[in-house]
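Trainee: Now for the letters of each chain:
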Amino acid sequence: MAKKKPDPKTELALGDTDAATRRTILRSMLLQRRFEERCAEAYALGRIGGFCHLYIGQEATGTGVISMLRPDDYVITTYRDHGQAIARGISPRAVMAELFGRSDGCARGKGGSMHLFDRNTNFLGGHGIVGGHVPLATGVGFAIKYRGGDQVCVCFMGESVVNTGAFHEALNMAGLWKLPVIYVIENNRYGMGTSLERASAIHDIYQRGAAYDMPRGVLDGQDVLAVRTGMAEALHRARTESMPTLLEIRTYRFMGHSMSDAVSGTYRTKAELDEYMQRDPITVLKLHMEAAGEIDDAGMATIDDEVKLEVQDAWDFAEASPEPALESLYEDVLVETTT
Amino acid sequence: MPVITYRDALNAALREEMQRDDRVFLMGEEVAVYQGAYKVSKGLLQEFGEMRVVDTPITELGFAGVGVGAAMVGLRPVIEFMTWNFALLALDQVVNAAAKMLYMSGGQYHIPIVFRGPNGAALQLSAQHSQAWDSWLAHIPGLKVVSPGTPYDAKGLLKSAIRDDNPVIMLEGEMMYNWKGEVPDEEYVVPIGKADIKREGDHCTIVTYGKLVTLGLQVADTLAKEGIRVEVVDLRTIRPLDVEAVQASVRKTNRCVVLEEGWEFCGVGAQVVDYVQRDCFDDLDAPVVRVHQADVPMPYAKNLEKHAKPDLPKTIAAVKKVMYLEG
Ligand SMILES: Cc1ncc(C[n+]2csc(CCOP(=O)(O)OP(=O)(O)O)c2C)c(N)n1
Ligand SMILES: [Mg+2]
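Listed in order, the protein sequences are those of chains A and B.
Quick note: the first sequence uses this note's numbering, first residue 1, plus one each step.
Quick note: the second sequence uses this note's numbering, first residue 1, plus one each step.
Calculated directly from the structure, the hints in this document are not laboratory data.
Some hints could be false.
Stated by the list, open to error - Derived DSS-like pairs (lysine-lysine); straight-line CA-CA distance at most 30 Å: (1) A:K308 <-> B:K302; (2) B:K320 <-> A:K270; (3) B:K198 <-> B:K100.
Stated by the list, open to error - A few chain B residues facing chain A, derived, Cβ under 7 Å: (4) P57; (5) I58; (6) S126; (7) V273; (8) A294; (9) V296; (10) A301; (11) H307; (12) A308; (13) L312.
Note that the structure is predicted; figures quoted are calculated from it, not measured.
Note that CB positions come from ideal geometry on N, CA and C, so glycine has one too.
Produce the complete structure using the sequences and hints provided.
Mentor: Rendered as structure tokens:
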């Protein structure tokens, strides 16, 4: 298969983030944070219903990974998808409208919090069945290779996913057929109330890649720059050699599993939570930038004001957006065949 | 009589049966340390220890199979699925292993297992998390399927299910766990395969089960004010279905509405209609009408979801239709 070979040096150099990019990333993470704080509020007010899983604490993982992608790459993920959707460039308006179940939502109000989709940004959805989307990512990788392209597919998942059969089957095929997929395990240490140690026979889960002869690595998920550097290498391998990578990115969720679960309690202590919250990904990046003289508290406050306005705008937009028309209940079940 | 929740009724059934028979164990996601995703197993880990109340990784196919294997050699597993949506992954083990082991082995290996968990839609959980699998499971020879609609029936049927020597599927409901009802302190069981007349009436029969029994009763209450006497037949068990109870009611009322949570096509209601037309054709004064979910995946938006689900106005309209009272 003929394939354009990007220069490995320029590809890797992307990992060395410049000041402007750092600022963009900081803003994106802050936007996600403020957005989700308002989601919690909207949930309490009954504007958002169903299950709602917040990303707070994990923003550096999705933002670091997605910031390295090209627009023609693909992203597929789980129900914990608000932050990644915004990082990928879906407008906060369309995301909030979806969460409010309105017709201007990115899935026309049909999907809700767990199922954000956007064809424009190749955002292939948030998926609700644990492990279910991992074979889909392998399929996307297959299609890329089939067509001889040099895109990649990034597949986000929680660490509990590695214990599902679908994960094993999907990664084996990707390893066997050398598909350009980057499997990103967001290891936040818990699947609902079960710790990694109580669910997986091995605890350094990136080592599972060995079973599929897959390049693998472990990254610090609270440091967005470290995530970018790790991604650069994986991306290079995917684009130039069509090789999959398994990245375990270690992070922590600062909120409960979903809005209906306790933040701490039977399964993790308040002390543990407090300790992890010391390494807030937004603060970690801010400290990097302060050290480089790129930002100070005033600069930070300016960005914060800006993103808060943007979130308020998203809220107002969602609230003004009409409920889906009742006839739309019967739309989108099957598509008209045109060929 | 004490009034307890559906959740506590299930909890009591599990506790009593685990005390009664040390071959009974509970396995599933979050059942032990977390005390159950919906707290049905609260306190069981503390009472019975971690060999008998077992947390699993997220691996429905795997732990369903572990249950079947353990049942083949003499244990009596209760396998909890966090919801039946996730149990789709385990269907291979439920259908290809549990349901046919006895048959394939020429009667040598029976499988005394219970697969249970919440089924159907809750509120705004969207397409992948709002599905009623009743008819899928009831389709399979070799399985029994129960779907209790009250705390009393939940406790009594779970006890029967655990004592049954066959695979029994129990369909509960996220929205039902907090529902309250009378449950006696004394020991009792509810037999599998027996329907229950939840309300007597002679104008129209509503056949239903599970979560929608409550809706059926609301319909009966509402229509009683207009002088319409609705009989509510709660199947309680979907398979084996109590055909006699359904037919006896229809012979009395001559009119029938079947109310179910799932989709229309190949639904449980279609089977009920068949039993009615087969033997009660001459008793019917009107074609049987079915009430069910709209024929679409469940949408997220509140207004669309409401539009998709069976509800009071739709069911009342159905009753009026079979009574030629509409419009
Ligand atoms: C097959 C399946 N089983 C169970 C569930 C219920 N469930 C939803 S999320 C979750 C925990 C997943 O944890 P993890 O993969 O670590 O992701 P995190 O929520 O931590 O991001 C569980 C058990 C599900 N959605 N799908
Ligand atoms: Mg996790």
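Trainee: Would you mind marking each hint as holding or not holding in the structure?
Mentor: We went through each hint and held it up to the structure:
{"no.": "1", "hint": "A:K308 <-> B:K302", "verdict": "27 Å, holds"}
{"no.": "2", "hint": "B:K320 <-> A:K270", "verdict": "57 Å, violated"}
{"no.": "3", "hint": "B:K198 <-> B:K100", "verdict": "34 Å, violated"}
{"no.": "4", "hint": "P57", "verdict": "4 Å, holds"}
{"no.": "5", "hint": "I58", "verdict": "5 Å, holds"}
{"no.": "6", "hint": "S126", "verdict": "5 Å, holds"}
{"no.": "7", "hint": "V273", "verdict": "23 Å, violated"}
{"no.": "8", "hint": "A294", "verdict": "6 Å, holds"}
{"no.": "9", "hint": "V296", "verdict": "5 Å, holds"}
{"no.": "10", "hint": "A301", "verdict": "3 Å, holds"}
{"no.": "11", "hint": "H307", "verdict": "5 Å, holds"}
{"no.": "12", "hint": "A308", "verdict": "6 Å, holds"}
{"no.": "13", "hint": "L312", "verdict": "18 Å, violated"}
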